[in-house]
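S.K.: Residue numbers (our numbering), protein chains in the order written: chain A, 1 to 431; chain B, 1 to 431.
Be aware that a few hints might be false.
Unchecked claim - Chain A regions said to be covered by chain B (calculated; three or more residues, Cβ under 8 Å):
(1) 22-28
(2) 136-147
(3) 150-164
(4) 294-305
To be clear, the hints were calculated from the coordinates, so they are not data collected in a lab.
Note that the coordinates shown come from a computational prediction; the quantities given were computed from them, not determined experimentally.
Glycine residues also receive a C-beta, built at the ideal position from the N, C-alpha and C atoms.
There are 2 protein chains.
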Amino acid sequence: MTYKVGILGLGTVGTGVAKILQDPIGRHPLLPEIKIARVGVRSLNKQRDVAIAPDLITDNLESIVNDPAIDIVVELIGGIEPAKSLILKAIANGKHIVTANKAVIARHGSEIFTAAKQKGIYVMLEAAACGGIPVIQALKQSLGGNRISELTGIVNGTTNYILSRMYFEGADFAATLAEAQQLGYAEADPTADVDGFDAADKMAILASLAFGDRVKVEDIYREGIRSITSADIGYAKELGFTIKLLGIAKRPKTDGDSNLEIRVHPTLVPIQHPLANINGVTNAIRIEGDPIGEVVFSGPGAGSGATASAVVADIINVAAALKSMPNQINSLMGCSHEHYAKVAPIANTVAQFYVRLLTHDKAGVIGDLGTAFGKHSVSLNAILQKTTVHDGLAEIVVVTQKVSEFNLQAAIAAIHDLPTMHSIPTILRVL
Amino acid sequence: MTYKVGILGLGTVGTGVAKILQDPIGRHPLLPEIKIARVGVRSLNKQRDVAIAPDLITDNLESIVNDPAIDIVVELIGGIEPAKSLILKAIANGKHIVTANKAVIARHGSEIFTAAKQKGIYVMLEAAACGGIPVIQALKQSLGGNRISELTGIVNGTTNYILSRMYFEGADFAATLAEAQQLGYAEADPTADVDGFDAADKMAILASLAFGDRVKVEDIYREGIRSITSADIGYAKELGFTIKLLGIAKRPKTDGDSNLEIRVHPTLVPIQHPLANINGVTNAIRIEGDPIGEVVFSGPGAGSGATASAVVADIINVAAALKSMPNQINSLMGCSHEHYAKVAPIANTVAQFYVRLLTHDKAGVIGDLGTAFGKHSVSLNAILQKTTVHDGLAEIVVVTQKVSEFNLQAAIAAIHDLPTMHSIPTILRVL
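One chain only, chain A, in its complex shape (with noise of 0.2 Å):
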């Protein structure tokens, strides 16, 4: 049999999709009944890094799915419309949709998945979160023995690059980050990354998978790597962390009823734990449950070779299931839960804190901290002090024992008002 895929987008990921299905010798055996039937680019024009006979090529993207031959959609043109409009309209046409695209996933997977499932679709996501990772896959089916309590990822390239090289060459992150635009890993507007927004759409995706709830992206509690200063390092690798901004999801009580945390931001990561080395632009998740314990995937989190793995790997599995069984949907592929997980809101996390605070150079100053600490019940694990870094202003960075996020800001917010205080610079969460 053979398998139509109309591809919807051109640029690297989807010209990195056609070289894969044009040259499948070597790779796996379904893939040679996997034609490229249509493919659907913004400019006829344009200069390809991939041969597609002229006559499939189109700049009408609905005339691909509504084109009753294709079997499949795969849709790799980003954001959110025409893409939206584009995935439902082939759904409803009976087309099986494979993605990369993690924003309209996130933001109207609800729509999506159930229109998906009254036409009995396969809506196929792996490209999404992670690029060439297969974490979707083990959510969906490898760990569907375990009650997962936890999923902690760095989930963003550009952000982990610009992180790793502040800690290796103590860089600040202004510079950073212009090296990494120069270089390509970090677009002009980089806000999407560097905000936690694009972390921020895939833990909405890793979660609901994890923990079997649908999860509202502005659920996310979200803080990006702005802040961070070359200093905020220095001190992390002293006190034995690399700094990290981790995607984290936990449901902290196992009964499957209590709320879901979930929350992206710059984290202190012990040097020992198995995300601390991972560098550069790789991503990593590491997933905890009953009773497989610690699972951690590491790989490329974007790129077109990686990306395109996911995405073949999700083409190869609907022809698959439509070999085997073209009118019936395995359960195991699709996303079937309906609800919205309740999530618990941040002030009633429970975190330790790393809190950096520029203070005037008197005697008293750690004593006034540490009583404005207690009042609030926050026990602190460490101290260190850096007497006139300049103006007479004295350095002081205090890690707290694990505290609720409520008392933490009130604590924070007395320590404002000490007379002795001149500011608090930064305020990170530790693993």
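Starting from the known structure of chain A, arrange chain B on it as the hints suggest.
M.R.: Below, chain B alone, put in the same frame as chain A:
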């Protein structure tokens, strides 16, 4: 629908599987449809860590594989017989198989898969290699778009535990093995682990999935870790390496036609390599492919919970497939290859080598050595010389550049005959 499972063996893994199936809340939504129908044990009177209704338990294992009510037979008794006969009988009776038995799959997979294919039966083996790490499914499905060029892994937890302790504590092999035996990390007869037989079984399974050809265990070159001394670990450290028992499978040319290289041996691993920091009983697999690049999976390679997680994943996969298509096999879940890989003889492979030599402490020793290596086209990367270790002997460690095994062995034979040479205690490969 309900899917009826017959479990052969109620040891730690069988107990773990039964516990998951009895307590499905918060795990995969398909689990409540999977029921334990029969459990086969060796001794009916043994105290069990899981509550199974007495009328489900039998010591007649044949009666389970012959029971018409059972859909899936879960083989957890291990070893070759009676496991092999029971599996074949279950297949003949149309039952799907889930097994954690690497020995029977590595040695008799050919017969088992041929029988399964003829009957249209699934034989699932996620638990047969690397316990809970979902690498089998990744190779079968998620990485299908790739041409795999290399699979390297720490696939035996016992040896990794021993080598990790030797690395961190400078302890000797014999003492560490004895301690591992006391702690239950090594068996009373440690042969299968420390001599690399267990790792070879797993590599036969992993390589056959990665490279699409069956691999005979007896074609795998194999060296264990008994010869590793604390001196070797120390020199490796000094040179920037750790020592790991690695399984290495690669197809140097990715034309799908060249010989497969596959071997298990202690290996010097550069300390920055992703496998270098996998310590204790943890397993890890690094897979390199085109276009994905590199992915690494790590997690618990053995133990009740981890192995049960993999077994249950396989049961869920079979149940989901049966639910949607009772009479059709999904080709992605099978092991379809029927040909045997051509395996390159070890003499034809190329590697860097670490050689530790004891010489009489005389002038000209280094010159003699260099000349002997040079004559056989073995170039050197590094030489460490420690004078007068004991009895007037000097210890010399060399690391070669990449050379063919054939040339290295020829050079070693010549060096053995040098009058200044005392002995050559260790020869190891470098990753």
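S.K.: If a hint holds in the structure, say so; if it does not, say that too.
M.R.: Verification of the hints:
Note: the stretch 22-28 of chain A has 4 residues with beta-carbon separation from chain B under 8 Å; the three-residue rule is met and the coverage holds. Given as covered by chain B, the stretch 136-147 of chain A passes the check, having 9 residues with a CB less than 8 Å from a CB of that chain where 3 are the minimum. Residue count for the stretch 150-164 of chain A with a Cβ under 8 Å from a Cβ of chain B: 0. That is fewer than the three needed, and the coverage hint is violated. Counting residues of the stretch 294-305 of chain A whose CB lies closer than 8 Å to any CB of chain B gives 10, so the stated coverage by that chain holds, three being the minimum.
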